[in-house]
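> Each chain, written out:
2 protein chains.
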Amino acid sequence: MSDIPFFVLVRPQMGENIGSAARAMWNFGLDRMRIVAPRDGWPNPAAVALASGAGRLLDDAQVSPDLPDALQDCTYVYATTARARDLTKPVLSPEEAMRDAALRIATGQKVAVMFGPERAGLENEDIARANAIISVPVNPRFASLNLAQCVLLVGYEWMRASGEVVPRSDEMAGTDWAQGVEVEHLAVHYEDALDEAGFFFPEHKSASMRTNLRNMWSRMPLTRADVQMLHGVMRQMVRWAQKRG
Amino acid sequence: MSDIPFFVLVRPQMGENIGSAARAMWNFGLDRMRIVAPRDGWPNPAAVALASGAGRLLDDAQVSPDLPDALQDCTYVYATTARARDLTKPVLSPEEAMRDAALRIATGQKVAVMFGPERAGLENEDIARANAIISVPVNPRFASLNLAQCVLLVGYEWMRASGEVVPRSDEMAGTDWAQGVEVEHLAVHYEDALDEAGFFFPEHKSASMRTNLRNMWSRMPLTRADVQMLHGVMRQMVRWAQKRG
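Protein chains in written order, with the UniProt record's numbering: chain A, 1 to 245; chain B, 1 to 245.
One chain only, chain A, in its complex shape (with noise of 0.2 Å):
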C-alpha cells in the first residue's frame, strides 16, 4: 500500500523532534515515515517518550543510512523549506502541494515528503534530489516553525487534499515512472562517465556543476523508458570514444 506520502525526515537531531513529528503526523492517519541518518542513533528512547499514542509510526518506520537510500522506491519527492533557494524547481504551497501528491497517488505514484533537520533545514544537495519545493508562506519578518509543526501543516493539508480527489484518469495514467534508486542510478552513471571524460572542469566550478546536473535529473519527470534510453545514449558514447581508443 502507497496510498498516503511517505514523509522522509532527513537527519533529524533531538529524538523529541522525532516523536512530536509522529504525532503529528498520525494526527493526519499519515503513517508512513522514514528517518535519514538520525544523529543520536536508533532506536531513541526520548523520541519513543514524546511519540505516546504514536509509537508505532516509530516501530515501523525505516531507517536509512542516507538518502538515497530512503527515496530509492519513490517516483515523486517534495522538499520542504523556509527559504527560496537558487534551485530551479518547482516552488508550490503546502495546499498545491498536497493536492498534486493526492493526485499523483492516485495514479500510482509513490510520493515522498523530505523535511530537514531542526536548525539549518535541507541542504541543497538534499533539495537536489527533490522534483518540487513546499515552501510554507509565513510572516517574512518571523519564520520560526518547527520540524513537528512543519510536519504539522503538510499532514493537514494532505488530509484536506486527500479527501477531495479526483482521479486524474487520463494525463499520463499507467506510466511507468522512474523510482528514485532509478533515477540515481542514472545520475551516478552520467557523473562517472563525465567525469572520466573531463567534463567538471576547472576544478572550483566541480561541485556546483555535479549539482546542477543532479537537479535536473530530479527535476525531469523520467519515465522508465527514458531513464534506459539516457542510460544507452551515454553507454554508447564511452562505448565509440573506447573503440576510436
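Everything labelled a hint here was simulated from the structure, so no lab data went into it.
Remember, it's a predicted structure, so these values are computed and weren't measured experimentally.
Don't take every hint at face value.
[As the list claims (entries may be wrong)] Subject to a maximum C-alpha distance of 16 Å in a straight line, what follows is the list of computed EDC-like cross-link-like pairs (lysine to aspartate or glutamate):
no.	chain 1	residue 1	chain 2	residue 2
1	A	K243	B	D3
2	B	K110	B	D100
3	B	K110	B	D3
4	B	K205	B	D195
5	B	K243	A	E196
6	A	K205	A	D195
Could you slot chain B onto chain A? The hints should help.
Chain B only, in chain A's frame:
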C-alpha cells in the same frame, strides 16, 4: 486597529505553551494575544523564554481575570474544540471559520478565537460564550494537537483567508525556459552525435529510437541552463572520444 482576530488563551497552564503559542501566532503575522487567568500568574518567565522572537506579543498581551472581561469588546467569537459538543452552534472547519472571520473583520467586526487549557480544553461554560465552534478535522482515532499546534493551524488558515499571504512567486517564476528552437537544436545535436557514434542500431529500429528521443526532449520542462548543460555533456563526450582517436 482590529484588522486581525484576537487569539484568547483561556486558563493556560504551562508558561512554555503560552510562549510557543505566541511564536505560532507571529509566524502568521498575528500579534493580538489575550490571556485569561493563567494558572501560574503573569508575567511568566517560562513563557518569555519560549517566545524568543515573539516576546513582544507577551508584553502587549491583555491579561484578564475571567472570560467575560477578555471578550468584552468582541463582536464575534469562535471556540476551538477537539471533540464534538452537544451545543447547538455552527461548527466550522478552521478554513471556513477564518474565511468567515476575514469577512466579518472587513465589515468592522471585532473577532476573537478562544483556545482552551492544555488538557481539558474549553469548558461548556466557555463555549457558551462563543458564536461558533471551530473543529479541527483530525484522525478520529488520534486527536492530539497541543495548544501551540492548534493555534498554529488556525493562524495558518487566517493567513490564507486574509489574503495577507506573501505573494508566492508563480510556479518557477523567473525561470528562463528554453524556447522551441533551442530544444530543437539540442535534439539535432544529440541525434547527429549519436548517429556518428552508431547509437541508432539496428537499422529497422532507428526511426522509432529517434522518435523516442525527440519525445523525451519535448516532454521535459527544460530551462535554458538545462539545454546548455546538456549541450556541454554531449560536446564533452565527443571531444573526449576524438582526443582518444
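> Are the Cα atoms of B:K205 and B:D195 separated by 16 Å or less?
13 Å, holds
> Are the Cα atoms of A:K243 and B:D3 separated by 16 Å or less?
74 Å, violated
> Within 16 Å, alpha carbon to alpha carbon, are A:K205 and A:D195?
13 Å, holds
> Regarding the pair B:K110 and B:D3, is the alpha-carbon distance no greater than 16 Å?
8 Å, holds
> Check whether the Cα positions of B:K243 and A:E196 lie no farther apart than 16 Å.
13 Å, holds
> Do the alpha carbons of B:K110 and B:D100 lie within 16 Å of each other, as the hint requires?
Given pair B:K110, B:D100 holds - Cα atoms ~12 Å apart, limit 16 Å.
Figure legend: structure checked against the earlier numbered hints; the only hint not met is number 1.
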